[in-house]
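Chains A and B are the protein sequences, given in the same order. Position one of the first sequence corresponds to residue 235 (this note's numbering), numbered consecutively onward. Position one of the second sequence corresponds to residue 11 (this note's numbering), numbered consecutively onward.
For the record, the hints were derived by calculation from the structure and aren't laboratory data. Each hint should be verified, as a subset may be incorrect.
Unchecked claim - Computed beta-carbon distance windows for the label pairs: (1) Gly-185/B to Pro-481/A: 47 to 53 Å; (2) Tyr-542/A to Glu-153/B: 36 to 42 Å; (3) Asp-541/A to Gln-73/B: 38 to 44 Å.
Claimed, not checked - Below 30 Å or equal to it, Euclidean Cα-Cα: the simulated DSS-like pairs (lysine-lysine) are: (4) Lys-156/B to Lys-178/B; (5) Lys-591/A to Lys-564/A; (6) Lys-398/A to Lys-178/B; (7) Lys-237/A to Lys-398/A; (8) Lys-178/B to Lys-284/A; (9) Lys-398/A to Lys-156/B; (10) Lys-485/A to Lys-569/A.
Just so we're clear, the structure is a prediction, and the values are computed from it rather than from any experiment. Idealized CB from N, CA, C, for every residue including glycine.
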Amino acid sequence: MGKTLLHKAWDQHTVRQLPSGQTQLFIGLHLVHEVTSPQAFQMLRERGLKVRMPERTFATVDHIVPTDLTERPFIDDLAEQMMVAIEQNTSEFEIPLYNIDDKRQGVVHVIGPELGLTQPGMTIACGDSHTSTHGAFGAVAFGIGTSQVRDVLATQCLAMDQLKVRRIVVNGSLSEGIYAKDVILHIIGQLGVNGGVGYGYEYAGSVIEAMSIEERMTVCNMSIEGGARVGYVNPDQTTYDYIKGRPHAPKDFDRAVEWWNSMASDADADYDDVVEINGADIGPTVTWGITPAQSVGIDQALPELGDYADAERVVVQEAFDYMDFKPGQKLAGTKVDVAFIGSCTNGRLSDLREAAKVARGRKVAAGVRALVVPGSQEVKAAAEAEGLHEIFEEAGFEWRGAGCSMCLAMNSDKLQGRELCASSSNRNFKGRQGSPTGRTLLMSPAMVAAAAVSGEVADVRGLVN
Amino acid sequence: MENSSVIANVTGSAVVVRGGDIDTDRIIPARYLRTVTFENLGEHVFEDDRAQGDHPFDEERYQGASILLANANFGCGSSREHAPQALTRWGINAFVGESFAEIFYGNCIAMGLPCLRVSAEDMQTLMAAVESDPAQELVVDLEARKVRYAGGAVAADIADGPREQFIKGNWDSLGQLLDAGDQIGETAAGLPYTNGFAVAG
Numbered sequence: 235m236g237k238t239l240l241h242k243a244w245d246q247h248t249v250r251q252l253p254s255g256q257t258q259l260f261i262g263l264h265l266v267h268e269v270t271s272p273q274a275f276q277m278l279r280e281r282g283l284k285v286r287m288p289e290r291t292f293a294t295v296d297h298i299v300p301t302d303l304t305e306r307p308f309i310d311d312l313a314e315q316m317m318v319a320i321e322q323n324t325s326e327f328e329i330p331l332y333n334i335d336d337k338r339q340g341v342v343h344v345i346g347p348e349l350g351l352t353q354p355g356m357t358i359a360c361g362d363s364h365t366s367t368h369g370a371f372g373a374v375a376f377g378i379g380t381s382q383v384r385d386v387l388a389t390q391c392l393a394m395d396q397l398k399v400r401r402i403v404v405n406g407s408l409s410e411g412i413y414a415k416d417v418i419l420h421i422i423g424q425l426g427v428n429g430g431v432g433y434g435y436e437y438a439g440s441v442i443e444a445m446s447i448e449e450r451m452t453v454c455n456m457s458i459e460g461g462a463r464v465g466y467v468n469p470d471q472t473t474y475d476y477i478k479g480r481p482h483a484p485k486d487f488d489r490a491v492e493w494w495n496s497m498a499s500d501a502d503a504d505y506d507d508v509v510e511i512n513g514a515d516i517g518p519t520v521t522w523g524i525t526p527a528q529s530v531g532i533d534q535a536l537p538e539l540g541d542y543a544d545a546e547r548v549v550v551q552e553a554f555d556y557m558d559f560k561p562g563q564k565l566a567g568t569k570v571d572v573a574f575i576g577s578c579t580n581g582r583l584s585d586l587r588e589a590a591k592v593a594r595g596r597k598v599a600a601g602v603r604a605l606v607v608p609g610s611q612e613v614k615a616a617a618e619a620e621g622l623h624e625i626f627e628e629a630g631f632e633w634r635g636a637g638c639s640m641c642l643a644m645n646s647d648k649l650q651g652r653e654l655c656a657s658s659s660n661r662n663f664k665g666r667q668g669s670p671t672g673r674t675l676l677m678s679p680a681m682v683a684a685a686a687v688s689g690e691v692a693d694v695r696g697l698v699n
Numbered sequence: 011m012e013n014s015s016v017i018a019n020v021t022g023s024a025v026v027v028r029g030g031d032i033d034t035d036r037i038i039p040a041r042y043l044r045t046v047t048f049e050n051l052g053e054h055v056f057e058d059d060r061a062q063g064d065h066p067f068d069e070e071r072y073q074g075a076s077i078l079l080a081n082a083n084f085g086c087g088s089s090r091e092h093a094p095q096a097l098t099r100w101g102i103n104a105f106v107g108e109s110f111a112e113i114f115y116g117n118c119i120a121m122g123l124p125c126l127r128v129s130a131e132d133m134q135t136l137m138a139a140v141e142s143d144p145a146q147e148l149v150v151d152l153e154a155r156k157v158r159y160a161g162g163a164v165a166a167d168i169a170d171g172p173r174e175q176f177i178k179g180n181w182d183s184l185g186q187l188l189d190a191g192d193q194i195g196e197t198a199a200g201l202p203y204t205n206g207f208a209v210a211g
């Protein structure tokens, strides 16, 4: 019986079995950002420890940075303090920092791939749950908390429980106007928000194979929203073509490809579970509730309470009450107040291109606040080089600097009151976008653009040719 | 190691936090992550939920609780350790739930906060018992894998590894990882990407 990529990478990165039964796993790449690291560096100081492998550690700033006024000091004193902390910490511990004034700065899960740091077969860790994004390259990438950030800084290792592997095969092909975001929202809707606990998700099948690397990143990014800490796609020529020529790409590329190919799951690999999904069943998908699994196709009615098991009805009723939606209604035609295009899920160049196709020649509807936040400074520059910023600005979108922005609203980009936001981000939790009573509808960037120009939730298929 | 202590059981009163899929944004809203320490997070735990009124963390009967009773998928969402850090600063020393999200669970273990799972049926029993007599003392017994309450006891699941680490007082992951010493460098050296693929894997 063959092995999966996850098990191959696990075996090759195993330092030893710990007395607890956990594995001491070597981490090939550690990405650090300003929000979950300051306490970890302080813990190192308290124990008199150094960073074990600064050459495998890279830092940037993304969560708290403003996307409009980026002059220092930042207007927000707390954000400024966090900037000073990461500058001091990376300087003291000799870690490279892609700071706000560096062209390589951006959302940590966007810049790792851009720089060629993210590579197949590698273990990757970062103090952020969307680290699963890097799995798009066939890396095994873990989101971790601050004590574990400390562990990786000090030892380049994590103490981890073995994971099972569920292969999710998306067969067939996608129709026009259906995007990677729809695929992952559909998968989470099918398997639930905790269906992936204890599993790594391996995404496969013709739909995934046909995807670009950026689309695969969107899929892997939201693995954690389905409960799976790790999600990945086996590496192939699409992966290698993306990595080639990037600043940290291996110099001996052919030898690298040889190893990467050897790390892909074997054809006869043993899986703990296999789920098949028909690509033709996936439509433009929008969340209606307060978890990423509470979603429907744009032309479907919201579920009835009776569709759910008894134990789930309390949560479902809570979602209807919070969102102010009714069972059986449709989302199309629901007025939106804000449109947000960006985030580690959908803030890359291809996302902006798809949204721009919808925005081109149209105007953001009256009363809608719309912003486009590129995932990195490189994405921003590339988008400007092909004139996307002009399309967005002419349509009435704000064109911003790089950062996490309104995905989690740690900077000044926030919903107000009960505002309803069409968002290309990853979480529709209560209060997620900065207003304790604000509401989020997750959807693809093209669907967000469609909502922005329509002033209401709209089927993007009616707006693109 | 300095951060480890024996945790064979946790005894105290409990707070009932009903609801599935309670995410870490609700436990500690992102705006409070703008800090370089964990010190003041306890003041803001569940802040936005509490602002809506009727939150168990504000009920007089649950003040002083050290055990949190939860339903399914507690702690889903963001990896922020700020969530368990906020809860423990409010007073929570152990979690008993139907299930926990994986990163939250890992953060709790790393901080020395046991998380035990009980069946949905037993959780209903426990929650009802605590709601009718909130002053009663619960014992989260890691050795016996049980949660005892005034009316009896229910079976509680915890994996062998964390259970033994808590009971022996060696749950400090960093101490264990450091003990590997040179083995870390040896594993690294065996990976083709650490030497520019000079040696094919």
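Verification of the hints:
At about 37 Å, the beta-carbon gap between Gly-185/B and Pro-481/A misses the expected band of 47 to 53 Å. Checked against the given bound of 36 to 42 Å, the beta carbons of Tyr-542/A and Glu-153/B, roughly 38 Å apart, stay inside it. Range check, Asp-541/A to Gln-73/B: about 39 Å between beta-carbon atoms, so the 38 to 44 Å window is met. Annotation: proposed proximity of Lys-156/B to Lys-178/B holds, straight-line Cα distance about 18 Å (limit 30 Å).
Note on Lys-591/A and Lys-564/A: the hinted pairing holds, with a Cα-Cα distance of about 25 Å set against a maximum of 30 Å. Using a Cα cut-off of 30 Å, the hinted pair Lys-398/A and Lys-178/B holds, with the two alpha carbons roughly 28 Å apart. With a C-alpha separation of about 12 Å, the suggested pairing of Lys-237/A with Lys-398/A holds against the 30 Å cut-off. Taking the CA atoms of Lys-178/B and Lys-284/A, the gap is near 28 Å; set against the 30 Å cutoff, the hint holds.
For a cut-off of 30 Å, the pair hint linking Lys-398/A to Lys-156/B stands: about 27 Å separates their Cα positions. At roughly 52 Å between alpha-carbon atoms, Lys-485/A and Lys-569/A are farther apart than 30 Å, so this suggested pair is violated.
When held up to the earlier numbered hints, the structure conflicts with 1, 10 and fits the remainder.
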